[in-house]
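**Q** Could you put the whole structure together from the sequences, leaning on the hints where they help?
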Amino acid sequence: MNKPEASLIGPVTPVSRWVGRAGILYVAAFLVLANANAVFSGNLLQQLHPFTFLFWSFVITSGFFLTRLLLSSGTSGLAIEGRAAGPLTVLNFTSALNWIGYFYALRYIEPAIVSAIMGGLGPVSTILLERVVRRRQLPLYTYAVAAGILSGTALLAWASLVGLAGIRPINFSDTLIGLAAAAAGGASQALNTIATKQLGERSWTATRIMAHRFYLLIIVAAALTYSGPGFAIASSTQVGGLAIATLLGVIIPLWLLQRGILLSEPFTVAALLAWAPLLTYVFQVFDARIQWSMTSALGCSVIALVTVFGTWMKFKGDRK
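Numbering of the sequence shown is given in full-length UniProt numbering, commencing with residue 1 and proceeding in unit increments.
FYI, nobody ran anything at the bench for these hints, they're computed from the structure. On a predicted model such as this, the values are computed, not experimentally measured, just so you know. Treat the hints with care, as some may be off.
Cβ pair distances, simulated, as ranges [claimed, not checked]:
(1) A232 - V308: 41 to 51 Å
(2) W292 - R135: 27 to 37 Å
(3) P139 - R202: 24 to 34 Å
(4) W292 - A144: 41 to 51 Å
(5) V239 - L78: 41 to 51 Å
(6) A180 - Y143: 22 to 32 Å
(7) P139 - I252: 27 to 37 Å
(8) D174 - W18: 21 to 31 Å
(9) Y226 - L138: 38 to 48 Å
(10) L176 - W292: 20 to 30 Å
Dumping the calculated SDA-like pairs for lysine to any residue here, alpha-carbon to alpha-carbon at most 25 Å [said to hold, decoys possible]:
(11) K316 - E130
(12) K316 - L138
(13) K316 - P139
(14) K316 - F93
(15) K316 - A28
(16) K316 - L128
(17) K316 - Y143
(18) K316 - Y141
(19) K316 - L140
(20) K316 - L129
(21) K316 - L25
(22) K316 - Q137
In this text, a Cβ means the ideal position worked out from N, Cα and C, and glycines have one as well.
**A** Structure, rendered in structure tokens:
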């Protein structure tokens, strides 16, 4: 069997223009739901530890998609063929890193900054993989987009460290932990996207991918929860919040994202995900913990503008 890395560097099948546009719509719908949930979950995670949240949320998510898979495909959907084992292993690893980093970061830093760092590192990681691993020549505009996104991301990270972000006052060590968690989660997004594309090329549906992608995350979350905060949820309010965050913030958005990834090119997905901080920033008006921050608004706007440029250049290239 090939190593997981080897499974990810083969050719990626190009998508047609109309299929690609449908993929963009799926990713856009994901962004709206997921970033509204970022603000909601940021509040919830002040009361409920991220490890406890992760364990119960993804046990429910996996159970939902495994049930759906069994109803639609029977037990054959549970089988994992050898040629899918490599990408699926990578997807489990990156999913664990991505989600643990995401929810842990939301506990300590402004949701828009979490989204910026994770979304900003996606295109950069994709370029590194395409250029260094696959040795592909990429259009010059992709480097400009990545540089612009990184500039906005750096501004937001700096603002969070010096007390100019929306959450004040800051605890420097907690902020560093949050930034590191977001960076680790963001760095995994490119491999996550490519692994999902590889499974799609092996005729895996979005439901099947969702059913099998969280095994490692659940195991790690269970170990961390058992050795740390414990599995108990303190109140019915927290149970209700967990249910809402899982359904509207994990199950539905992730299904939409899987469909979008299967129908889109990896860089397109990564660049669209960079819209996340601007949307999160808008939803932050509903969070009383977060103050207005001009620096955060500027960082989010920089990322949004270069993302618009990258998407426009992508469509311009498709028309040729």
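**Q** Which of the stated hints cannot be reconciled with the structure, identified by number in ascending sequence?
**A** Of the numbered hints, 2, 4, 5, 8 and 14 do not hold.
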